[in-house]
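S.K.: Letter by letter, the chains look like this.
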Amino acid sequence: MSESHDHEHGEHAPIQTHETPGEWEVLEIAVRELAIEKGLITADDHRRLLEGIDGASPMLGARVVARAWVDEDYKKRLLADGSVAFELGIDNYDRTNLIVLENSPQVHNFVVCTLCSCYPRPILGLPPDWYKSPSYRSRAVRWPRAVLAEFGTVLPDDVSVRVHDSTADMRYLVMPMRPAGTENWSEEELAKLVTRDTMIGVTVPRLPSPPG
Amino acid sequence: MQELNERAKLLYRTVNDLGGLPREPLNLTEHPLLPWEKRCHALLESLNARGVVSMEEKRRGIEDMGQTIYAALTYYEKWAMCAANVLITKGHFTPDELAQKIAQVKRRFEEGT
Numbered sequence: 009m010s011e012s013h014d015h016e017h018g019e020h021a022p023i024q025t026h027e028t029p030g031e032w033e034v035l036e037i038a039v040r041e042l043a044i045e046k047g048l049i050t051a052d053d054h055r056r057l058l059e060g061i062d063g064a065s066p067m068l069g070a071r072v073v074a075r076a077w078v079d080e081d082y083k084k085r086l087l088a089d090g091s092v093a094f095e096l097g098i099d100n101y102d103r104t105n106l107i108v109l110e111n112s113p114q115v116h117n118f119v120v121c122t123l124c125s126c127y128p129r130p131i132l133g134l135p136p137d138w139y140k141s142p143s144y145r146s147r148a149v150r151w152p153r154a155v156l157a158e159f160g161t162v163l164p165d166d167v168s169v170r171v172h173d174s175t176a177d178m179r180y181l182v183m184p185m186r187p188a189g190t191e192n193w194s195e196e197e198l199a200k201l202v203t204r205d206t207m208i209g210v211t212v213p214r215l216p217s218p219p220g
Numbered sequence: 241m242q243e244l245n246e247r248a249k250l251l252y253r254t255v256n257d258l259g260g261l262p263r264e265p266l267n268l269t270e271h272p273l274l275p276w277e278k279r280c281h282a283l284l285e286s287l288n289a290r291g292v293v294s295m296e297e298k299r300r301g302i303e304d305m306g307q308t309i310y311a312a313l314t315y316y317e318k319w320a321m322c323a324a325n326v327l328i329t330k331g332h333f334t335p336d337e338l339a340q341k342i343a344q345v346k347r348r349f350e351e352g353t
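First to last, the sequence lines map onto chains A and B.
Note that the first sequence ends on residue 220 in my numbering; no numbers are left out.
Note that the second sequence ends on residue 353 in my numbering; no numbers are left out.
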């Protein structure tokens, strides 16, 4: 840092970059540094993966769903082959094999990973805590309607609920139903209705409440 | 089906095999990842990308921790422990090397460098 800048030092507390880390943080640092020193990975590998993690968020999935809502041909291709999702310039940093599930008035899909936490991370970001929780993993496959109700999602009895159990080789993205009343909406406006939880399938897209 | 006794149940379920079991209701509170948790995620992804620790080896490493550790540790604590265990098991470094590195990291933080 240059000494020549002219504002007064001591205007604010020094920026603290080293807090005392916990034991697990120390372990993470130690293993990573050893892995780099031994040539197993490079610091750049690690940095690039951090960028991949930072760059992925549910907004990416929302763009895919909104495109499918407005483009019938794209939707057909996407449902036939989930890798079409990555055409929109999305970095498939962990080489996710994606399957897209279309919700309909007859069928509601939602996604779990009973064995751990498989999730379409490049397209939705990292999974929420509850997705990885024993409560969700245990119950979703046996009491799906009760689990959905805990998210405030209550489906009519005549709608079939299909639960998809993810694996390392098959990860799922739910394409929710496009809400009625959005016929004239642009793709960008539609994407705002598509949230993370609607693409896991535990909620459904809702129109914003009218102002006032 | 006849009620299985507790020991017989161990035959049928590994520690991670939770599907279909009764549990408490969901806790929907979310926490943003801590910086070290995100780095830990990227560490395992890097090791996987380089073919050093595959996703299957990571999964196996976590499932083999046993019920007590599996239930007690947080998600990324398990990942960090698994990375250390698998790399040692595969001969990439020794427990002594890891212990020395841990001591070095702690010393660095104490000295604030």
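Don't read these hints as lab results, they were simulated from the structure.
Please note that the accuracy of each hint is not assured.
[Claimed, not checked] DSS-like mimics (lysine-lysine), calculated; alpha carbons at most 27 Å apart, straight line:
1) A:K46 to B:K341
2) A:K46 to B:K346
3) B:K330 to B:K346
4) A:K84 to A:K200
5) B:K341 to B:K278
6) B:K278 to A:K46
7) A:K140 to A:K200
8) B:K249 to A:K140
9) B:K278 to B:K346
10) B:K330 to B:K341
11) B:K330 to B:K249
12) B:K278 to A:K140
13) A:K46 to A:K140
14) A:K46 to B:K330
S.K.: Each hint should be assessed against the structure and marked as holding or not.
M.R.: Right, here's what the structure says about each hint:
no. : hint             : result
1   : A:K46 to B:K341  : 12 Å, holds
2   : A:K46 to B:K346  : 20 Å, holds
3   : B:K330 to B:K346 : 25 Å, holds
4   : A:K84 to A:K200  : 22 Å, holds
5   : B:K341 to B:K278 : 21 Å, holds
6   : B:K278 to A:K46  : 22 Å, holds
7   : A:K140 to A:K200 : 25 Å, holds
8   : B:K249 to A:K140 : 23 Å, holds
9   : B:K278 to B:K346 : 20 Å, holds
10  : B:K330 to B:K341 : 18 Å, holds
11  : B:K330 to B:K249 : 31 Å, violated
12  : B:K278 to A:K140 : 15 Å, holds
13  : A:K46 to A:K140  : 32 Å, violated
14  : A:K46 to B:K330  : 13 Å, holds
Comparing the model with each numbered hint stated earlier shows that hints 11 and 13 do not hold.
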